[in-house]
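Chains as they are written, first to last, in my numbering: chain U, 86 to 841; chain L, 325 to 482.
If you're looking for bench data, these hints aren't it; they were derived computationally from the structure.
Errors might be hidden in some of the hints.
[Stated by the list, open to error] BS3-like mimics (lysine-lysine), calculated; alpha carbons at most 27 Å apart, straight line: (1) U:Lys115 x L:Lys478; (2) U:Lys115 x L:Lys452; (3) L:Lys392 x U:Lys674; (4) U:Lys311 x U:Lys378; (5) U:Lys768 x L:Lys452; (6) U:Lys201 x L:Lys356; (7) L:Lys392 x U:Lys201.
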Amino acid sequence: MPKDLETLTREKKVETDFQSSEVWAKVAGKAVYGIDLILPGMLYGKILRSPHPHARIKSIDTSAAESISGVRTVITAENFSCKPYGIVVDDELPLACGRVRYIGDEVAAVAAVDWKTAEEAAKAIKVEYEVLPSVFKPEEALAEGSPQLHEDFPGNVAWQRDLERGDADAAFGDADLVVESAFSIPAIHAAYLEPIACVAVNDNYTGLTLHTALQSPDSVRTIVAKVLEMPLSRVRVVGPVMGGGFGGKVYGNLNLYIISSMLAIKTGSPVKMLLTREEEFIAGRPMIAAEIKLKMALCRDGTILARESDIITDNGAYSAQAPWVSKTISERNDSVYRIPNIKTRVRLVYTNKVPTGQYRSYGNQAANFATESLIDMAAKKLGIDPLQLRLLNCTRKGDLTVHGLQIKSCALADCLQAAADEIGWEKKIRGRGYGLSAAIHANGSIVFDKNFRGASALARLELDGRVTIFTGEQDYGQGAHTAFTIIAARALGLPPGLVTIQSRDTLISPFSLGALAMRQTTIGGRAVQLAAEKLREKIEITAVEAGSESTGLREGAVNGSSANLIDLAALARYYHGKTSGLNLVGEGKYVPEESDYDESGYGNISVTYSFAAHAAEVEIDRTTGELTLHRIVAVHDSGRIINLLSAIGQVYGGVTQGLGMSCYEGYLFEAGRVANSTFADYKIPTSLDVPVIDYQFVERGDPEGPYGSKGLGEIVMVPVLGAIANAVADAAGDWVTDLPITAEKIYQLMAGWECE
Amino acid sequence: MDNQEVVFTLNEELVRVYADPAESLLTVLRDKLGLFGTKVGCGRGECGACTVLLDDQPVNSCLIPFGKVEGRRIETIENLSRGEEYHPIQKAFVEKGAVQCGFCSPGMIMSAHALLKTNPQPSLQEIKTAISGNLCRCTGYKQIEEAIASAAEKKSRR
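Using the sequences and the accompanying hints, generate a full structural model.
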């Protein structure tokens, strides 16, 4: 390892860092999650779902369901307008209006006094269907004469993009080598351990309150208010503890929230609804499947000249965030290396299958599998070491990438070298396979809404001398609030134990975009830092006014120059009395510079960018194709690490999810029906499946993030896929190009069988 | 089925509960007895979030018909701490960063608790095997394994 890197890389020793008090409730079994909620007079809601992948609804008869004792209401599409809504494109309805488009589509819903009655009533609703022809494969859905899913989207294309930067065609003409391959990635479920649950409460005085755990509560309540045609200030989201999200709970399951709200409005009682694990799989919002055709042009010396991609993503019946995910799949990996010429076509296509959404890193990990495999294919053909090929081309600090990303900090080359060194690139063990992979991830998007790029926070001095931080940014175990606590404590000069983070009630927290696009620490944390600094300023001014010359805060008191310490509680009460009831409050707003992002999608999309390189060491049983993962080395440039213990937890967890996607996971369908809708059939890694994971952080800092930090939570799973794919290819002699990489596929590859 | 009286030991107390013997133990614990520490992740015995101890053995409470607990001992996560006094396994989970979303934690801790009762100094492989029925999506299991090893070590030193 280079000398300077050694000093900048943390020791692997883990210190016990600060942990938020909520963690104690979690280990004691006292933390209240969505599934645990009970309110007085609460009813239970259940959805009747379509048994057909595509059908016209001829009639719905709810009379038998309504006559069951204990049933309080039954709702159908008639309770809503039939105007589609959506996150990116408007194609979704809370309850089907005359037509169902996948097995699981919501047809009707009931509220009853208990689960059993609700289930019985849902089954008693009589629906007459006229079955329509279905289409399950995107390429068939694109063909002329195929069944059309949505009138507003002719040709079954929900979203598409054609993009050219530079002159790719000319570059391909000049190239010494052109490599190409096609890759296939199935739909992946975030598989958070707590299925989505909510309780909706409606009353004429306060309006609608949704008790549900969301990564982006303000985005969800904005959509719910719009669909229910309610004023935004009458819709509030209060969050219980969240049992995992990983992108799947940014918007969660909007139809579930809208349906439970309507049941609550109709009955005047709180209504609890949840998805069973099976419903999570058949009617949740997994990340889109993708077919990626890639072509790359290189010089003999390994310089990459151009890349061309043709991507079809499988939307299922409705879109959720799938257009954004398709966009990330199609372009984020272009900025890992200095690729001057790009030609891209991406089409998001409707099929009669489960609707799709997003998962940790927005498809960047799916694209990493394809683009990083192709890098190694090129290296093999050129006879260049894959590490050297990457070092020759990789993005560096100060670069403006092909899509206009401004790289203000970047230690990617160091990450690559460190990952290779740690895995033993120069001293490989015979019979084992080694693979490398590199990644970039946007860190704090500023283009979701060009007019709302940043975040704000409030820091309030309480009458007892403690400090409360109000933020709309969410923590669900990934450590955002612990990071905020540490950031606020550092800015205030207080022990972290005196700081509490409040984020779970949209009525009192600042409006926020929430936990997505790795914006928590970088954007949310910066707002917290600014709010805390503002409060500190106000405390110091007030302390002077109250009769003390102050120079700073230490251990819950203002440090006077005369060594007289002022009790913060006394100061808070002084201000409270003087103003007849106000608290000292610091407001922080972090508004990143406006982006030069243009209509072609060129421009800086994020305040900064995180980088990573992973290396994998594997072994293949040559008789059976069975894959043994010996080790993953994960080296990250996430700027300065705020909380090492949770940073390590993010790496371990993210690498394990990457491993799951590489080797085990993926939706299987039989004529539109999800064939693996249980954890027995949709396998996520267990403790016995996880190899040794070694982590390193290259802490160069960053000019934008609070205290030089950058995001980590999403990029941790990205390079795993390419690293494993390349290690398998190193051992097997060729690449498995369709995920997951199973023993069967490796065996077929080595035996030279034609895969289906 | 009709409700019937089932007498069993719950968290070291003898209790009589009237409930449907065909209901799962999980449903009775949560919906009848208000013990919400035991979580529901799948309802099919595949995720381990509902792990409790039945006569010191870890079981998926979603798979145990309530009638079967007659005369037996049940221990849930609620028995491991008293107010601010936490069990060494719980402390180790916090210290080692073994908790992220925390949804698997009660079941995971109960599996660890069962392991350490019968095997106070387990090997890493024994720890991995003991929690292999408890799915965790957040942590990659590493810090959980470290926590269990650390709790075992502290126990043996005392």
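Evaluated hints:
Of the supplied pair hints, the one linking Lys115 of chain U and Lys478 of chain L holds, its CA atoms being roughly 25 Å apart against a limit of 27 Å. A hinted pair counts as satisfied when its Cα atoms are at most 27 Å apart, and Lys115 of chain U with Lys452 of chain L qualifies at roughly 26 Å. A threshold of 27 Å between alpha carbons decides the hint, and for Lys392 of chain L with Lys674 of chain U the separation of about 59 Å lies outside it, so the pair is violated. Proposed proximity of Lys311 of chain U and Lys378 of chain U is contradicted: the alpha carbons are some 39 Å apart, above 27 Å.
A distance of roughly 17 Å separates the Cα atoms of Lys768 of chain U and Lys452 of chain L; the hinted pair therefore holds under the 27 Å criterion. A distance of roughly 15 Å separates the Cα atoms of Lys201 of chain U and Lys356 of chain L; the hinted pair therefore holds under the 27 Å criterion. Of the pairs offered as hints, the one joining Lys392 of chain L and Lys201 of chain U holds, with about 22 Å between alpha carbons and a cut-off of 27 Å not exceeded.
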